[in-house]
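Number of protein chains: 2
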Amino acid sequence: MPLDLIAFDADDTLWHTEHLYADAQAQFRGLLAPYVAAETLNGHLFEVEMRNLRYFGYGVKGFTLSMIETAIELTDGRVAGTDIQRIIDLAKAMLTADIKLLDEVEPTVAALAQTHRLMIITKGDLFDQETKVARSGLAGYFRHVEIVSDKNRDTYAALLERHSVAPQRFLMVGNSLRSDVLPVAVLGAHAVYVPYAVTWAHETVADHEAAGLGYHELARLGQLPALIAQLEGSA
Amino acid sequence: MPLDLIAFDADDTLWHTEHLYADAQAQFRGLLAPYVAAETLNGHLFEVEMRNLRYFGYGVKGFTLSMIETAIELTDGRVAGTDIQRIIDLAKAMLTADIKLLDEVEPTVAALAQTHRLMIITKGDLFDQETKVARSGLAGYFRHVEIVSDKNRDTYAALLERHSVAPQRFLMVGNSLRSDVLPVAVLGAHAVYVPYAVTWAHETVADHEAAGLGYHELARLGQLPALIAQLEGSA
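Here the protein sequences line up with chains A and B, keeping their order. With the numbering used here, the residue at position 122 of the first sequence is 117, and numbering never jumps. With the numbering used here, the residue at position 43 of the second sequence is 38, and numbering never jumps.
Don't read these hints as lab results, they were simulated from the structure. Honestly, I wouldn't trust all of these hints.
Pairs involving identical chains hold if they fit within one copy or between any two copies, as the list cannot separate such chains.
Stated by the list, open to error - Simulated crosslink set (DMTMM-like; lysine to aspartate or glutamate; CA at most 25 Å straight-line):
# : residue 1 : residue 2
1 : 95        : 141
2 : 87        : 42
3 : 87        : 68
4 : 95        : 84
5 : 95        : 212
6 : 87        : 145
Keep in mind that this is a model prediction, so the values were computed, not measured.
The task is simple: from the sequences and hints, build the whole structure.
Shown next, in the form of structure tokens:
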């Protein structure tokens, strides 16, 4: 059956993002090295991020506020104002960093755009994600860009309704089982998992959750057109 | 001509928001009183906010990062970590504050929802705006909720295209000439200005910019159904 709509996650599916977070955390550890051991810091930052999701949602700005809160907590308020400014400067650097596309992304997306309606579905800060799409050079290939606060079954169901697409004619590609693959698979749509080299702890799903749910796994995005041809040829 | 789509701004059009920013700034002034005079503080905060728009866009999280940056700058880095934590706590309070609807909003929106397709168009942090819509109790009246990073002519043109609505059949209501009224009027759509008691400096437009552009002004949202009946009756 032909596909009506092919959607891509953006961060670490179309372009590299993980290194920005990893670099920011490395610099954050450096800043706080006089006060705190690195092991303590990473665990505590993750805890603070999770605790703050209900206030800030996903994205660089919430991540930054959580870094600041972590720094204050772990130093009992002794962290210097100038160090906190450096944390804010890390955020600004993340928000304006050059966009580095993953291998094979540009030709793959360009080829698929000639035959299919393409969409980006990404979560995070609205303004940040919009400027990344604009700066990526890929905007022209995508008919729609949807920036959502979370990616769950309801989000995808609402998007399919908004765009009048049946689940069987929708395919979603991404690097997160939790956000891009499982909620799409449970709707009966096609889900394609393309793991990124590094996966954020919060995006990891135990194998048994995935068991029994049908999704495809590819090592590289360049393999996607062949998979789509196969899916459209069968049934 | 009948209207196809009636859109409302949210903050300070459907529900009160300005007091949250005013209260946060008052507490911020209190926190920094040992270091800085109040007059210096307000002006500097506004400057920092404007300077940071290109990084953070609109919304509470960016506002908070700008408060922190202002505190650090004006104290030459001497602001205490515990005071910065209190700024973050102000943000959390803003993000979870009870939604207080403006007068006449609920009955007006309920009545219009029976005859027209209604939409919210708001800018700010995606996650924050979504939870406010949900907590407002008004979500059921709106067919669409559009959260955008900025409200300009292009934003509105893209929304009209997305929803397949001609400008003459679109009406937008809001409390900001700059964001809700002028960009809608220049598209040839109907724009209704309902001023809020307080207007943020950045949202103020000089009178001469508005001159010659056709828009309606109402003192209260409750006057909207009569205006709509009049618009639909004529032409």
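Each hint tested on the structure:
1. 95 <-> 141: within (20 Å within a copy, 29 Å between copies)
2. 87 <-> 42: both (23 Å within a copy, 17 Å between copies)
3. 87 <-> 68: Intra 23 Å, inter 16 Å, cutoff 25 Å: intra and inter.
4. 95 <-> 84: within (20 Å within a copy, 35 Å between copies)
5. 95 <-> 212: within (23 Å within a copy, 48 Å between copies)
6. 87 <-> 145: both (23 Å within a copy, 19 Å between copies)
Hint violations for this structure: none, all hints satisfied.
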